[in-house]
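S.K.: Below, each chain spelled out in residue letters.
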Amino acid sequence: MTYFPEEVLEHVFDFLSSHRDRNAVSQVCKSWFRVERWSRHRVFIGNCYAISPERVIARFPRVRALTLKGKPHFADFSLVPHDWGGFVYPWIVAMAKSYPDLEELRLKRMVVSDESLELLSRSFPNFQSLVLVSCEGFSTDGLASIAANCRVLRELDLQENEVEDRRGHWLGCFPDSCTSLVSLNFACLKGEVNLGALERLVARCPNLRSLRLNRAVPLEALHKILTRAPQLVDIGIGSYVHESNSEAYVKLCNAVLNCKSVQSLSGFLEVAPCCLPAFYPICLNLTSLNLSYAPGIQGNELINLIRHCRKLQRLWILDYIGDKGLEVVASTCKELQELRVFPYDPYGGGNATVTEEGLVAISMGCPKLHSLLYFCRQMTNAALINVAKNCPNFTRFRLCILDPTKPDHVTLQPLDEGFGAIVQSCKGLRRLSLSGLLTDQVFLYIGMYAERLEMLSIAFAGESDKGMLYVLNGCKNLRKLEIRDSPFGDIALLTNVGKYETMRSLWMSSCDVTLGGCKALAKKMPRLNVEIINEKDQMMENSHDDGEKVEKMFVYRTLCGPRRDAPDFVWTL
Amino acid sequence: MERTVTYENDLNLKATELRLGLPGTDDSDKQTPSGVRSNKRTLSETTEECRSKSNSGTSDARNDDTETAPAAKAQVVGWPPIRSYRKNSFQPKKTEAEAAGIYVKVSMDGAPYLRKIDLKSYKGYPELLKALENMFKFTIGQYSEREGYNGSDYAPTYEDKDGDWMLVGDVPWEMFISSCKRLRIMKGSEARGLGSYV
Chain A
1 MTYFPEEVLE HVFDFLSSHR DRNAVSQVCK SWFRVERWSR HRVFIGNCYA ISPERVIARF
61 PRVRALTLKG KPHFADFSLV PHDWGGFVYP WIVAMAKSYP DLEELRLKRM VVSDESLELL
121 SRSFPNFQSL VLVSCEGFST DGLASIAANC RVLRELDLQE NEVEDRRGHW LGCFPDSCTS
181 LVSLNFACLK GEVNLGALER LVARCPNLRS LRLNRAVPLE ALHKILTRAP QLVDIGIGSY
241 VHESNSEAYV KLCNAVLNCK SVQSLSGFLE VAPCCLPAFY PICLNLTSLN LSYAPGIQGN
301 ELINLIRHCR KLQRLWILDY IGDKGLEVVA STCKELQELR VFPYDPYGGG NATVTEEGLV
361 AISMGCPKLH SLLYFCRQMT NAALINVAKN CPNFTRFRLC ILDPTKPDHV TLQPLDEGFG
421 AIVQSCKGLR RLSLSGLLTD QVFLYIGMYA ERLEMLSIAF AGESDKGMLY VLNGCKNLRK
481 LEIRDSPFGD IALLTNVGKY ETMRSLWMSS CDVTLGGCKA LAKKMPRLNV EIINEKDQMM
541 ENSHDDGEKV EKMFVYRTLC GPRRDAPDFV WTL
Chain B
1 MERTVTYEND LNLKATELRL GLPGTDDSDK QTPSGVRSNK RTLSETTEEC RSKSNSGTSD
61 ARNDDTETAP AAKAQVVGWP PIRSYRKNSF QPKKTEAEAA GIYVKVSMDG APYLRKIDLK
121 SYKGYPELLK ALENMFKFTI GQYSEREGYN GSDYAPTYED KDGDWMLVGD VPWEMFISSC
181 KRLRIMKGSE ARGLGSYV
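Going down the list, the protein sequences come from chains A and B. Per full-length UniProt numbering, numbering through the first sequence is continuous, rising by one, with the last residue being 573. Per full-length UniProt numbering, numbering through the second sequence is continuous, rising by one, with the last residue being 198.
Note that these hints are calculated values from the structure, not bench results. Each residue gets a CB set at the ideal place from its N, CA and C atoms; glycine is no exception. Where hints are given, some of them may not hold.
The list that follows gives simulated cross-link-like pairs (lysine-lysine, DSBU-like), each with its CA atoms no further than 35 Å apart [said to hold, decoys possible]:
{"#": "1", "chain 1": "A", "residue 1": "K334", "chain 2": "A", "residue 2": "K466"}
{"#": "2", "chain 1": "B", "residue 1": "K123", "chain 2": "A", "residue 2": "K190"}
{"#": "3", "chain 1": "A", "residue 1": "K190", "chain 2": "A", "residue 2": "K311"}
{"#": "4", "chain 1": "B", "residue 1": "K116", "chain 2": "A", "residue 2": "K190"}
{"#": "5", "chain 1": "A", "residue 1": "K224", "chain 2": "B", "residue 2": "K137"}
{"#": "6", "chain 1": "A", "residue 1": "K30", "chain 2": "A", "residue 2": "K524"}
{"#": "7", "chain 1": "B", "residue 1": "K123", "chain 2": "A", "residue 2": "K224"}
{"#": "8", "chain 1": "A", "residue 1": "K190", "chain 2": "B", "residue 2": "K105"}
{"#": "9", "chain 1": "B", "residue 1": "K181", "chain 2": "B", "residue 2": "K130"}
{"#": "10", "chain 1": "A", "residue 1": "K251", "chain 2": "B", "residue 2": "K130"}
{"#": "11", "chain 1": "B", "residue 1": "K137", "chain 2": "B", "residue 2": "K120"}
{"#": "12", "chain 1": "B", "residue 1": "K116", "chain 2": "B", "residue 2": "K105"}
{"#": "13", "chain 1": "A", "residue 1": "K324", "chain 2": "A", "residue 2": "K97"}
{"#": "14", "chain 1": "A", "residue 1": "K251", "chain 2": "B", "residue 2": "K116"}
Now the in silico label distances, taken between C-beta atoms and shown as ranges [unchecked claim]:
{"#": "15", "chain 1": "A", "residue 1": "R55", "chain 2": "B", "residue 2": "S121", "range": "20 to 28 Å"}
{"#": "16", "chain 1": "B", "residue 1": "W173", "chain 2": "A", "residue 2": "G428", "range": "53 to 61 Å"}
{"#": "17", "chain 1": "B", "residue 1": "K123", "chain 2": "A", "residue 2": "K190", "range": "24 to 32 Å"}
{"#": "18", "chain 1": "A", "residue 1": "K190", "chain 2": "B", "residue 2": "S178", "range": "44 to 52 Å"}
{"#": "19", "chain 1": "B", "residue 1": "K123", "chain 2": "A", "residue 2": "G547", "range": "54 to 62 Å"}
Residues from chain B shown here face chain A by an in silico Cβ test under 8 Å; the list is partial [to be verified]:
{"#": "20", "residue": "Q75"}
{"#": "21", "residue": "G78"}
{"#": "22", "residue": "P80"}
{"#": "23", "residue": "I82"}
{"#": "24", "residue": "R83"}
{"#": "25", "residue": "S84"}
{"#": "26", "residue": "Y85"}
{"#": "27", "residue": "R86"}
{"#": "28", "residue": "S89"}
{"#": "29", "residue": "F90"}
{"#": "30", "residue": "I117"}
{"#": "31", "residue": "G163"}
{"#": "32", "residue": "W165"}
{"#": "33", "residue": "L167"}
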C-alpha cells in the first residue's frame, strides 16, 4: 500500500465541499477517518436531537462553521406546540469551551434566547456569520450583543424570525470600528430602527453586498443608503411610499441608476406602486425577485415590473398575479428556475388566483424551471401531465390545492395520475408535496418512480396502510416523511421499521397509529426516539390505553437516547 | 366584519364548508364522485376533531395567533401550509388603498396648532364629531339640515375637492370622506353666519 502522508490526504479532502462526500470518505479506513475528522471545519446537523454537542465536539475538534436544525418542518404550520424544544443554548455553551475558532452559525427552527446570543457574541473572537431562519425566543437586545461584541462580523441574516422588538438601538451598537459587514438582513423586525445609525453603518462598510431593510425604513432614507452603497448586489426595500414627483423620489431614481450591480430585489413591504418605475433600470439585470410580501403591487404595475425582468431566475409572488400574469412571466422570464406563488388571501375565495392554466403556461415558457411552490384552488391531471412533459427537470415540486381533498375539477377523478406523471418524468425529484384528492395509487407511483426522493409531505391523502408502505418500501433515498390527516395506521408504521434508521425523521399527526403501535415501534428500535406529543393531557402514561389513536407522533433516529429537555406534554416512549 | 354575517346565514355556511362532494350536492352524500372507496375520515369530521382537539393547550393559543379569519368557515389547523410568519404579515382583503388611512388636517379657530386625523378610523359622523370634541375640548351643537349646528359657537366645516367650504354632515358619510381634503372648526360669528344664512 503506497504511503500517503496525511497532509496530502487533508489537502485532497479540502476539495470535498459536500457533507455527504466527507461522510463517505471518513468511512474508508481508520486513517482516513482520522484525517477527515481533524480537517472537517463545516458540520451540518439536520436534527439537533440526533446527536449531542459533546459528541460532535469529540469527533470534530476543529469546527469553524455549524448548521443546526431544530423543530420538525410542520412546526411552521403551528402543528408543533410552542415549547416543544430545539434550544440552541446548550450547543453554544459546549462550543464556547471547545471551539474557540467558531466563525459561522446557521440555525433553522430553533429557540434562540437573548442569553444564547450574548454568550455567542462573547465566546468567539473570530465570529463572522450568524444566519437565523424561522427561529424565535430572542429580542433586539440579543441583536445588540451581537452588534456590539462581534468585532469582525460579516453577516447578520434574519429570515422570517419572530423577534420581540424592544425598540432598542441595536443598530447603533455596531461600534465605529465595525467596517466588515457584507450582509445585513433585518426585514423581519417590526419596530423602528435608528436611521442615522443605519446610514452611518452602511457608509463605513465598503464590502456591503446585501442589505434587506424592514418596514420602518422609509423611502427618504432609502435614497441616502443607496447613494452610500452603490455596490449593493441584493436589496430588500422596506417602505416605499411617496409621491412620484417629489424631490425624494427624483433623488431615489438617480441613486438607483448608480446601483449597477443589483441582482436581487425584495421587500416593498409598503409601497406606492406609482413609484416603481424608479426600479426599472435595475430590473434588466435582476436574477431574483421576491414580491411575496408586497401586496401593494398588483395588476398592471406588477405586470409592467415583471416585463422588464428578462433575466429572472427566481421569482416569488402572490397569487393575485393570476393566470394572465403568469403568462407574462412565461413569455418574459425564459431563464426562470424557481417559482413560488403564495396565496394572498387563503381563507377568502373571491379574489383572482392562479389555476392549472397558469402552471401549464409557465411550464411551456420556462424550460429551466426546476423548483416550484404553487398554491392554487384547482388542478387537473391533464395539466400535471402536461407540466411533467414540459419540465422533466424538477428537483422540488410542491403543489398546494387550498381545498385539501379537491379532485381534478374537470374529470372529478383523484389526482393520482397527475402526480404520477410528475414522479415518473422528473427523475431528479428530491422534494415533493402532495395535495388534492389522492388514493393509494399515487403512492404506488411514488414508490415505483421517485428514486431520488428525499422529502415527502402528505396531507389528507391515501386510503389504507398500503399507501404509506409503498413509499417506505420504494423510496430508497427517503430522509424525511411528514404525514397529516391520512388513514395510515399501525400496520403501515410497523411493517418496515428498519427504514426509519435510514431516515432523519418521520412525522405523523391525525393519522390512525395507536399508542400500542408506537410503543411497539419504540421497543423494536431502541435507536429511535418515538415522541408522542399531546398538549391536552400531560398524564399520558397513566390514563390511556394502547388502542387509543395518537394525535401527534414524531420519530427520529438518534445516538443520544430520549432527550432530557422534553416538556411535560412530550412523552418519549 | 362581513364574515360574522355569513356565519349566521346557514346557506352560506354550507357553501363554504370544505367537503368531498361537488359543490351543490347534498351534504348527506359523502361518496366521492369517482366512486373511490375511502377509508379516511371525511373532511368535516376531521375538521371537527381538529377543532375539538385543539380546545386546550398551547396549540390553541398559536392557532389564535396565526389564523386571521374567524371560524365562520370550516378551517383546518395548520392548513393551508403557510408559515405563521407569512400569515401574520398580511391583513387579507386590504388593498393598498383600503389599508392606508385618509389623513386630513384639522384646524380650529384660535388654536395654536393643527391636528391630523384619519377619517377611515370613524364609522360615521357621530363618531367623528365626538372625536373632534375630545380633541379640541369643545362642544358641537345638534345637527339639523335646516339650521346646521345649533346650540354652540362652533361649526365643523370642510374643504371639498372643488375648494369650497362645506358644512360637515350634509352628504352621506362615504361621499364625505372621499371628498374631504381638510377640516376647519369655525368659531363665533362666522360659524353662526354659516348656519343661519338666509
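S.K.: Decide, hint by hint, whether the structure agrees.
M.R.: Hints, verified against the model:
With a C-alpha separation of about 41 Å, the suggested pairing of K334 of chain A with K466 of chain A is violated against the 35 Å cut-off. With a CA separation close to 28 Å, the supplied pair K123 of chain B and K190 of chain A stays within the 35 Å bound. The straight-line distance between the Cα atoms of K190 of chain A and K311 of chain A is roughly 32 Å, inside the 35 Å bound, and the hint therefore holds. With a C-alpha separation of about 24 Å, the suggested pair K116 of chain B and K190 of chain A falls inside the 35 Å cut-off, and the hint holds.
This hinted pair does not check out: K224 of chain A and K137 of chain B have alpha carbons roughly 42 Å apart, beyond 35 Å. For a cut-off of 35 Å, the pair hint linking K30 of chain A to K524 of chain A stands: about 31 Å separates their Cα positions. Restraint check for K123 of chain B and K224 of chain A: not satisfied, since their Cα atoms lie roughly 40 Å apart, outside the 35 Å limit. A threshold of 35 Å between alpha carbons decides the hint, and for K190 of chain A with K105 of chain B the separation of about 28 Å falls inside it, so the pair holds.
For the given pair, K181 of chain B sits about 19 Å from K130 of chain B by alpha-carbon distance, which is consistent with the 35 Å threshold. The suggested pairing of K251 of chain A with K130 of chain B is violated, with an alpha-carbon distance near 42 Å, which exceeds 35 Å. Distance hint between K137 of chain B and K120 of chain B is fulfilled; the C-alpha atoms sit about 22 Å from each other, no more than 35 Å. For the suggested pair K116 of chain B and K105 of chain B, the alpha carbons sit about 4 Å apart, so the restraint of at most 35 Å is met.
Between K324 of chain A and K97 of chain A the CA atoms are separated by roughly 58 Å; this puts the pair beyond 35 Å, and the hint is violated. With a CA separation close to 28 Å, the supplied pair K251 of chain A and K116 of chain B stays within the 35 Å bound. Between R55 of chain A and S121 of chain B, the C-beta spacing of about 58 Å breaks the proposed range 20 to 28 Å. Restraint check, W173 of chain B to G428 of chain A: a C-beta distance of roughly 60 Å satisfies the suggested window 53 to 61 Å.
Judged by the Cβ atoms, the range 24 to 32 Å given for K123 of chain B and K190 of chain A holds: they are separated by roughly 28 Å. Taking 44 to 52 Å as the suggested C-beta distance range, the pair K190 of chain A and S178 of chain B does not conform, at roughly 31 Å. The hinted range of 54 to 62 Å is satisfied by K123 of chain B and G547 of chain A, whose Cβ atoms lie roughly 55 Å apart. The restraint placing Q75 of chain B at the interface with chain A holds, with a minimum CB-CB distance near 7 Å, inside the 8 Å limit.
A distance limit of 8 Å between C-beta atoms decides the matter here; for G78 of chain B the minimum to chain A is near 4 Å, and the interface restraint holds. A cut of 8 Å between beta carbons decides the hint on P80 of chain B: the least distance to chain A is about 5 Å, and the hint holds. At a threshold of 8 Å, the smallest CB-CB gap from I82 of chain B to chain A is about 7 Å, leaving the interface hint in force. The closest approach between the C-beta of R83 of chain B and any C-beta of chain A is roughly 5 Å, which is under the 8 Å cut-off, so the hint is satisfied.
Proximity of S84 of chain B to chain A holds as hinted, the smallest CB-CB distance being about 6 Å (cut-off 8 Å). Contact between Y85 of chain B and chain A, as hinted, is supported at the beta carbon level, the nearest pair being about 4 Å apart and thus within 8 Å. Residue-level restraint check for R86 of chain B holds (minimum Cβ-Cβ distance to chain A is 7 Å; threshold 8 Å). Checking S89 of chain B against chain A: minimum C-beta separation of about 6 Å stays under 8 Å; hint holds.
Nearest Cβ of chain A to the Cβ of F90 of chain B: about 6 Å, under the 8 Å cut. The hint holds. About 19 Å separates the beta-carbon of I117 of chain B from the nearest beta-carbon of chain A, more than 8 Å, and the hint is not met. Taken as an interface hint, G163 of chain B does not check out: its beta carbon lies about 20 Å from the nearest beta carbon of chain A, beyond 8 Å. With 8 Å as the threshold, the beta carbon of W165 of chain B stays out of range of chain A, its nearest partner Cβ sitting at about 25 Å, so the hint is violated.
Look at L167 of chain B: its Cβ only gets to about 30 Å from chain A, farther than 8 Å, so that hint breaks.
When held up to the earlier numbered hints, the structure conflicts with 1, 5, 7, 10, 13, 15, 18, 30, 31, 32, 33 and fits the remainder.
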